[in-house]
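Engineer: So you can see what is in the structure, the chains are spelled out below.
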Amino acid sequence: MSELQKTIEPSPPRRLNYINHDWSVASWLWPKDHKRIGVMYLVTITFLFFLGSMPAILIRLELLTPKAHLVTHDIYNRLFTMHGVTMVFFFLIPSIPTTFGNILLPMMIGARDLAFPKLNLASYYVFLIGAILAMVSLVYGGVDTGWTFYTPYSTTFSNSAMTPMIFGIFIAGFSSIFTGINFIVTIHTMRCPGMYWSRLPLFVWSLYATSLIFILGTPVLAITLLLLAAEHAFGVGIFNPALGGDPLLYQHLFWFYSHPAVYIMILPGMGVVSELIATFSRKRIFGYHFVAYSSVAIAILGFLVWGHHMFVSGQSMYAGMVFSVLSFLVAVPSAIKVFNWTLTLYKGSLVLKTPLLYALGFIGLFTIGGLTGLFLAAMGVDVHVHDTYFVIAHFHYIMVGGAMMAYLGAMHYWWPKITGRMYPEGWGVFSAVLVFFGFNLTFFPQFVLGYMGMVRRVAEYDAHFQVLNVLSTAGASILGVGYLLPLGYFFWSLRWEPKAGPNPWNATGLEWQSPSPPPELNFEVMPTVNGPPYDYDTVALHEEGIKHV
Amino acid sequence: MNLPQIPYFLSHSASVTGERVDFVFGLLIVFATTIIVIVLAMVLFCVTKYHRHRHANREGAIDHSTKLEMFFATVLTVIALTLFAWAADVYADISRPPADTMNIYVVGKQWMWKLHQPNGREEINALHVPVGQAVKLIMTSQDVIHDFYVPAFRVKQDVLPDRYTTMWFTATKTGTYRIHCAQYCGTDHAAMIGWVYVMTQPDYQKWLDAAPANQPAIAGTPGTVGAPMATQLRSTFNAMGCIACHVPTSSVRAPRLDGIYGQAVKLQNGQTVAADEEYIRESILFPNAKISAGYPQPSLMPSYNGQLSEQQLRDLVDFVKSIRNGWPADATTQPASAEPAKDEPKP
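These protein sequences, in sequence, are chains A and B. Residues in the first sequence are numbered from 1 upward in steps of one, following the working numbering. Residues in the second sequence are numbered from 1001 upward in steps of one, following the working numbering.
Treat the hints with caution; some may be incorrect.
Only pairs whose alpha carbons sit at most 30 Å apart, straight line, appear in this in silico DSBU-like list of lysine-lysine [as the list claims (entries may be wrong)]:
(1) A:Lys347 with B:Lys1049
(2) B:Lys1136 with B:Lys1290
(3) B:Lys1049 with A:Lys353
(4) B:Lys1109 with A:Lys67
(5) A:Lys67 with B:Lys1114
(6) B:Lys1067 with A:Lys347
Chain A is nowhere near these chain B residues, computed Cβ spacing over 10 Å in every case [what the hints assert, rightly or not]:
(7) Asp1100
(8) His1116
(9) Asn1238
(10) Val1252
(11) Ala1254
(12) Asp1258
(13) Val1265
(14) Glu1282
(15) Asn1288
A few chain A residues facing chain B, derived, Cβ under 10 Å [claimed, not checked]:
(16) Tyr153
(17) Ile285
(18) Met321
(19) Leu329
(20) Ala331
(21) Thr344
(22) Lys347
(23) Leu350
(24) His386
(25) Tyr451
(26) Gly453
(27) Met454
(28) Tyr534
Hints listed in this document are in silico derivations from the structure and should not be mistaken for laboratory results. Every residue gets a Cβ at the ideal spot worked out from N, C-alpha and C, and that includes glycine.
Model the full structure from these sequences, guided by the hints.
Structural biologist: Following this line, the structure appears as structure tokens:
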């Protein structure tokens, strides 16, 4: 790639970039620049992540002892609901797409912005309003239904602040739809010359697949929540059998969105990991097409497996079997990705920087999370472990071990591009190791607890579960430190770390051809693409050349 | 401090199905461990051998191989389908109770379980069963969705309002095993727990006979209805007015109830349904839902939806079941003292 080899002139001391070109309040309140909107999302969801972690801290402390010593049952129920709702709807679902997707998608395809900048801004404010409404519900005492809002408990029996919570999630859903539309149109219409579909970065492919789920799945969630609100507020009989409704209908509608939502959380993470592995192996990604198409395959198959959440709900046995076999099959494209990542490492030239550590951590934890997913797809075994800590451990391996590791990997990888500063590598490695071990210590014991029969959503448990619960809480403390450290050193780096330069990793993507932080319109010279993606062989030749001259 | 029980995880399960579940679980553990070890070994190998500063032979690295990918995908698909079929077979076993079960009714409500032994003895948050006997639980909820879960038996089933769901197990070892509510059901969900007492057949019989005074104290062999129990069912049947039409001597033409339980019923629309608990329940609550062939549409029978407690409904279903071999001799006459059915005792 000739563009890549071009050395970039040293920047003048006050080069204008997307951050410093305009400091007016209005330009930060109503930006139409995708990078600024991405930064606003980053700040907002980082706040929401720590907000969602607080109930988790209390939950783990409560579970240190078998009896409910710290909080009452009622408070405990509100805590795990707050943890679940905040993390799922207000952190994990928007996490990577709205931050790194927003900032990087146009840069990676050589565009000046997303297709609809105002829609992008609207998506942020719609999200913010949704998040504020959910927090209003907390002020009114929170919700005690669990993040799944199963009927008829949620509509008829729960005595908690359901209405603002439902509308908060309903409104935040539009943010997802706006983002999805924006990404799909941008990828279709705004690729720079030479950026064929077969040259798209894998992160862009994964965002494309995610956007498909955003626009196809989120409306179903919106409908479901409206029906829930209708029954809850006006007594319209839809889900409550006492009013002539069907409680299983709710579960079908809810999981029709919420299972694909799991892929909303993990697919962008897979895209990030593909980028990290290629960059830090100094090698082309193995099986580019398989990795790219498997994202789309996961997005499509992901819509057909919702019933595996309902094997013990009273759903028909034969329906269950169809959902089970499809759930096994959706594991195949995921496994293909892991297979390709490890083969990319093979004969590579591995640079063990923090982002790669997170990517390797992702591979390990996602593999465990995915394989334990097979235990839950296996109907006979699911009957036993459904609604136990086995399920809790499984989805935390996917959502925290997978999505969160990828999020932190992306954070370290693109931090120099977003802010123009490096992060402290030593602290980065240290906290990556802490997160990995803390995570495993927290959640691995929960697999055992689940098979032993400890059910989820309980503030009290039988005494013989205590040892494993104490281990889990100990792990959570380590994990907490691992999450707080980056918060500290990223702030610190803004002032005291060295400037990054345009391409600190010698990576091939178009985003690295622009200065760091990028100018308002992304590129000083609009790029064209002349070669395949991840062409690290050419980069390697170039590096060799420098060494020998 | 109590000594911790031996965790179920390390011991064998205590039911026939549980042994099959544990076997598939073991199979999955072996499969998953193999894959995890391979991935881990591969990553560690690459990290050490192909570290940037290590000299290693990096010649001949390839970046794609459709053959390899297809081979990998095919092997995985075959393994996945095998595991699916194995686990689905166990699930079919769990879903379909055998014919000769001892039936126990379970009513879940916030936040307790009420169970009814075949002879009418009631239990709260406790279930006594004989070892080696297939037990079927016919369950419903009075309020929200609950879930009856016995970890040692490796079975659970959601318990839904306004509907019967069933689950079954055959305990293989005497002992005491936890019951949990596994579906979150509100404030005291965590406290909605109980015990299953698995006893030898003689011990179970002794326990049945030693019923407290306020319980129907006549022993019935499991699977049949004891005499006082039959009286209670009959009185509900009479008190609810069913007797007006559904007895052979009635002048109103209504479907015969004796012997109907377990039979195939032909419907107006040509379909055939099995007259199980669910069908009888539905026909009481919504007489127009499935009208037997040859009877007027809409049905002459009023809907009992909202008129009956779960206990009364259960009594009626049980009564229909108790006359599967014909009416008792005195059934066609109105008993002199048709006392109204008792409401459920409050916990």
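Engineer: All hints are to be evaluated individually against the structure, with a verdict given for each.
Structural biologist: Hint check results:
Note on Lys347 of chain A and Lys1049 of chain B: the hinted pairing holds, with a Cα-Cα distance of about 8 Å set against a maximum of 30 Å. The hinted pair formed by Lys1136 of chain B and Lys1290 of chain B meets the criterion: a straight-line CA distance of about 26 Å does not exceed 30 Å. Restraint check for Lys1049 of chain B and Lys353 of chain A: the C-alpha separation of about 16 Å stays at or below 30 Å, so the hint holds. Using a Cα cut-off of 30 Å, the hinted pair Lys1109 of chain B and Lys67 of chain A holds, with the two alpha carbons roughly 23 Å apart.
With a C-alpha separation of about 24 Å, the suggested pairing of Lys67 of chain A with Lys1114 of chain B holds against the 30 Å cut-off. For the given pair, Lys1067 of chain B sits about 19 Å from Lys347 of chain A by alpha-carbon distance, which is consistent with the 30 Å threshold. A cut-off of 10 Å between C-beta atoms confirms that Asp1100 of chain B is not in contact with chain A; the least separation is 21 Å. Listed as a non-interface residue, His1116 of chain B keeps its Cβ farther than 10 Å from every Cβ of chain A; the least gap is roughly 20 Å.
With 10 Å as the threshold on Cβ separation, the claim that Asn1238 of chain B sits away from chain A holds: the shortest Cβ distance comes to roughly 27 Å. Look at Val1252 of chain B: its CB is around 28 Å from the nearest CB on chain A, clear of 10 Å, so calling it non-interface holds up. Look at Ala1254 of chain B: its CB is around 26 Å from the nearest CB on chain A, clear of 10 Å, so calling it non-interface holds up. The beta carbon of Asp1258 of chain B sits about 30 Å from the closest Cβ of chain A, which is more than 10 Å, so the claim that it is off the interface holds.
Every beta carbon of chain A lies more than 10 Å from that of Val1265 of chain B, the smallest distance being close to 20 Å; the non-interface claim holds. Remark: the non-interface label on Glu1282 of chain B is consistent with the geometry, its nearest Cβ contact in chain A lying 12 Å away (cut-off 10 Å). Every C-beta of chain A lies more than 10 Å from that of Asn1288 of chain B, the closest at about 14 Å, which supports listing it as non-interface. Given the 10 Å rule on beta carbons, the hint for Tyr153 of chain A holds: about 4 Å separates it from the nearest Cβ of chain B.
For Ile285 of chain A, the interface hint holds, since its Cβ comes within 10 Å of a Cβ in chain B; the closest pair sits about 7 Å apart. A distance limit of 10 Å between C-beta atoms decides the matter here; for Met321 of chain A the minimum to chain B is near 5 Å, and the interface restraint holds. Taken as an interface hint, Leu329 of chain A checks out: its beta carbon lies about 6 Å from the nearest beta carbon of chain B, inside 10 Å. Look at Ala331 of chain A: its Cβ gets to within about 6 Å of chain B, closer than 10 Å, so that hint holds up.
With its C-beta approaching chain B no nearer than about 8 Å, Thr344 of chain A sits inside the 10 Å limit, and its interface hint holds. For Lys347 of chain A, the interface hint holds, the least distance from its beta-carbon to any beta-carbon of chain B being 4 Å, beneath 10 Å. The criterion of a C-beta within 10 Å of any C-beta in chain B is met by Leu350 of chain A, whose closest approach is roughly 5 Å, and the hint holds. Taking 10 Å as the C-beta contact cut-off toward chain B, the hint placing His386 of chain A at the interface holds, the least distance being around 7 Å.
Here the hint on Tyr451 of chain A is kept, as its CB sits about 5 Å from the closest CB of chain B, short of 10 Å. A least Cβ separation of about 3 Å between Gly453 of chain A and chain B falls short of the 10 Å threshold, and the interface hint therefore holds. Evaluation of the Met454 of chain A hint against chain B yields a held restraint, the C-beta minimum of about 8 Å falling below 10 Å. Interface hint status for Tyr534 of chain A: upheld, as the beta-carbon distance to the closest one in chain B is roughly 8 Å, under 10 Å.
Checked against the numbered hints given earlier, this structure breaks none of them.
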